[in-house]
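> Line order of the protein sequences matches chains A and B.
Going by the working numbering, the letters in the first sequence line up with residues 463 to 920, in that order.
Going by the working numbering, the letters in the second sequence line up with residues 879 to 1047, in that order.
What the hints contain is simulated information worked out from the structure, not anything from laboratory work.
As the structure is a prediction and not an experimental result, all values here were calculated from the model.
Honestly, I wouldn't trust all of these hints.
Stated by the list, open to error - With a straight-line Cα cutoff of 27 Å, these simulated BS3-like cross-link-like pairs (lysine-lysine) come out:
1. A:LYS702 <-> A:LYS657
2. A:LYS517 <-> A:LYS702
3. A:LYS736 <-> A:LYS770
4. A:LYS671 <-> B:LYS904
5. A:LYS721 <-> A:LYS676
6. A:LYS505 <-> A:LYS517
7. A:LYS721 <-> B:LYS1037
8. A:LYS477 <-> A:LYS701
9. B:LYS904 <-> A:LYS657
10. A:LYS676 <-> B:LYS904
11. A:LYS676 <-> A:LYS477
12. B:LYS1005 <-> B:LYS1037
As the list claims (entries may be wrong) - Covered stretches of chain B, as calculated for chain A (at least 3 residues, CB under 8 Å):
13. 991 to 999
14. 1031 to 1037
Beta carbons are placed, not taken as given, at the ideal position from N, Cα and C, and that holds for glycine.
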Amino acid sequence: MTAPTAEAPTLSGRKFFMNFPVTADSHTLAAYRERGGYQALGKVLAGMQPTEVTKEVAAAGLLGHGGAAFPAGRKWGVVRLNDGEPHYVCMNADEGEPGTFKDRWLLEHVPHMCLEGLIIASFALMGRHAFIYIRGEFDLPYRRMQAAIEEAYAAGLLGENIMGSGYSLDVVLYRGAGSYVCGEASAMLASLEGKKGWPRNRPPRLTVKGLYQKPTVVNNVETLANVPVILTLGAAEFKKTGMPRSPGTQMISISGHVKRPGVYEVEYGYSWEKFLYEDCGGMLEDRALKCVIPGGVSTKILDANEIKGVTLDHNSAVAAGSQLGSGGMIAVAEGTCMVRLARVIQRFYHHESCGQCTPCREGMGWMERILDRIVRGEGRPEDIDRLYHISTANDGTTICSLGDSAGYACSAILDHYREEFEYYITNGRSMYDGRLALADPFEGAVPVPMYVGAGSAS
Amino acid sequence: MTTPDSAMNGMPNGIQHLIPEFERWKQRYPAGFEGSLTIPCLQRIQQERGYIADSDIDDLVAYLGVSRIQVDEVLAFYTMFTREPLGRHHLQVCHNASCSLRGAEGLVRYLCGKLGIQPGETTADGKFTLSTVECLASCGTAPMMMVNETYHEDLTPTKVDALLEELAR
C-alpha cells in the first residue's frame, strides 16, 4: 500500500478491476490489449444481440457511478431499439463535483477501458454516433482520450465495420468550456448541441428525447469502464465482488486532512473506518476525525460517530444519513472551523448556479452573503434560521438539484455544528483558530515581490 | 468581414484558415447538426487569438448558420471563454473545499504578494493574470493551480518561486 504522488499516480489500496501497474505507457492500446482489452468487445460483436448485452449489464446490477447510483441496465433497457430513431450514448466525463477526481484517474490511465465500455454500450443501444463530454479544464485526460480514440480508429475498433462485424460507430470527443451544471445530463446535452448549458425539465426523459431530440443514454466514465469487466467476467462473477445491492467496486477519491489522499478502488462493503484510518493513514498531525463529506460536497456530512461500523456501500451510506454520491470523499480533522468551510462550499454553489430558476439564482447568493457576513464577524442572531429557511424553501422548486444540494449541504453542517455558528455570530470570530488548512505549505511563507513599485496592476 | 481588430491580432483573414479543420471535425458528427460545433470552434479561435473578438462572432455566425444570440449566450455562460485578452500566463488557483483544507488561501496570498495584483487582475507587463476558480478535480494533490492548460500540483513556496521565475523569462 503506497501513497500516490504527483510523480507516480499509482492507484492506492487493494486493486480489483484496475489491477495493473501504472507505467509511462500503460494507458496505450498495446498495453490495454496485453491486459485483455477489447476482448469483451470482440465477444459482443462476434455473437451477442444488443438486448443480450443490456440483459447482462442489468443482471450484473451495475449502478451508475456519477452520483445517483441509478441501475445502468435499467437506463439502457428503456430505449426501444426498433423505434426507427437514431440513439446516442454520451459518456459523462464532466467531473466537477468538488472532492471528486476519480474519473480524471480513469481517463488518464484507462482511456481504452472507458472507450471499450462506450462502444459496447452504443452497440447495445444500436447507436451510430457516441459522444464523450469531457470538462474543458482537463488537459492530460483530454489528450489521453483523444489519442485513445485515434488509436481505436486506426485499429478498426471505431469507424466503419468494427472488427469486421458490420457494426459502425463514430465517437466525438467534446470539450466543455467551464460549467459545473453541465455535469447534469440534460444540461450536458444542451451544451453538446452548442448551446448554454441549461438543464431542462423531465418528462420527456432523455432516453425518450435527448440529444438532438433523440433517445439518449448518458453514463458516467466509471460506469462505462465497468462494462467490459462485466462482459468479460459475466454478470454472476462480477457480482461476487461487492455487496448484493451494491455489486462491484467504487473508485473513491479522497482528499482533505488525511495523510494519504488519492484515488482508491474500494470493494463495496469495505469498512469506512478501516479505509480512513488504515488505508488513508488517518488524519494529519494525528488529529481526530471531525467529519467526512462522503461523496462530493453535495452529499450530507457525517461526523466521526456516524460512520462507526458503517460500510462503504450505497445502502449503508443512506442508512447512516447520507450518500456515497460520486465517491469524492473529503475528510475534515478536529479543530477545523465549519463556519468557514460552509462559506467556501456555498461560494461554489453561488458561482455555479446557472441562473435559470429564480429560487436557486437568488437563494445561492443570499446564502453566500449571509455566510460571508458571519465570517466577517458581522453575523446576526437570525442568520442561522435564515439559512435553514432558504435551504428548505428552495428544495424541490428548481429544474435541477444544484440548489437543493446546496441546501442539504448547508443544513447538514448547521445540524451538526450549530454551536460553532452561534459562537461565531456572538463573538465575531471562530470557535477555533479559524484556519481551514493543515500541513499548509504556505503558512508563514513570505513572498518576494517580482514587481517593484506601485501600479503593477491593470 | 475582416476588421481592424482581427487584423491586429495575427488573424488577418478572420477564421478562414481554421475552416478546413472545422470541416474535418464535422465528419464525425451526425449530419445536420453543425450547431454543435459552436463551442469547439470558439475554443479553437480563442486558442489562436487569446480571446473572442466581435469579428469572430460574425464569422462564426456566417460559417455555422447559427443565431448570433446562441453564440453570445455561449460566450457569456461558460467561464473559460474571454472577450478580452488575458495575461500571457493565466494562473487559476482552485479555492474550493479540498484545496482550502490544504492551503489554497495561503497560495492565493502568496501569489498576490509575488505579483502585486489581486485575483481578477493582470500585471502591467501583461505577463500574468491571477484568478481563483472552483474545483479542478485535483483535490488529492492540493494546493494546486492551472497555468494556461497545465496543472501544477502539490505546490509549495519553492515550487511557485521556480515556476514564476521560469514563466517570467
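> The structure should be examined with respect to each hint, and the outcome stated for every one.
Results for each hint:
With a C-alpha separation of about 43 Å, the suggested pairing of LYS702 of chain A with LYS657 of chain A is violated against the 27 Å cut-off. Between LYS517 of chain A and LYS702 of chain A the CA atoms are separated by roughly 18 Å; this keeps the pair inside 27 Å, and the hint holds. Under the criterion of a C-alpha separation no larger than 27 Å, the hint pairing LYS736 of chain A with LYS770 of chain A is consistent with the structure, at around 10 Å. Of the supplied pair hints, the one linking LYS671 of chain A and LYS904 of chain B holds, its CA atoms being roughly 23 Å apart against a limit of 27 Å.
Of the supplied pair hints, the one linking LYS721 of chain A and LYS676 of chain A is violated, its CA atoms being roughly 47 Å apart against a limit of 27 Å. Taken as a hint, the LYS505 of chain A and LYS517 of chain A pair is honoured in the structure, with Cα atoms around 15 Å apart against an allowance of 27 Å. Taken as a hint, the LYS721 of chain A and LYS1037 of chain B pair is honoured in the structure, with Cα atoms around 21 Å apart against an allowance of 27 Å. Simply put, LYS477 of chain A and LYS701 of chain A have alpha-carbon atoms about 16 Å apart, close enough for the 27 Å limit, and the pair holds.
A hinted pair counts as satisfied when its Cα atoms are at most 27 Å apart, and LYS904 of chain B with LYS657 of chain A qualifies at roughly 17 Å. A C-alpha spacing of about 19 Å is found between LYS676 of chain A and LYS904 of chain B, which places the hinted pair at or below 27 Å, so the restraint holds. Restraint check for LYS676 of chain A and LYS477 of chain A: not satisfied, since their Cα atoms lie roughly 38 Å apart, outside the 27 Å limit. Simply put, LYS1005 of chain B and LYS1037 of chain B have alpha-carbon atoms about 19 Å apart, close enough for the 27 Å limit, and the pair holds.
Only residues whose beta carbon comes within less than 8 Å of a beta carbon in chain A count, and the stretch 991 to 999 of chain B has 7; three or more means the coverage holds. Evaluation of the coverage hint for the stretch 1031 to 1037 of chain B: fulfilled, as 5 residues show C-beta separations to chain A shorter than 8 Å, against a requirement of three.
Of the numbered hints listed earlier, those contradicted by the structure are 1, 5, 11.
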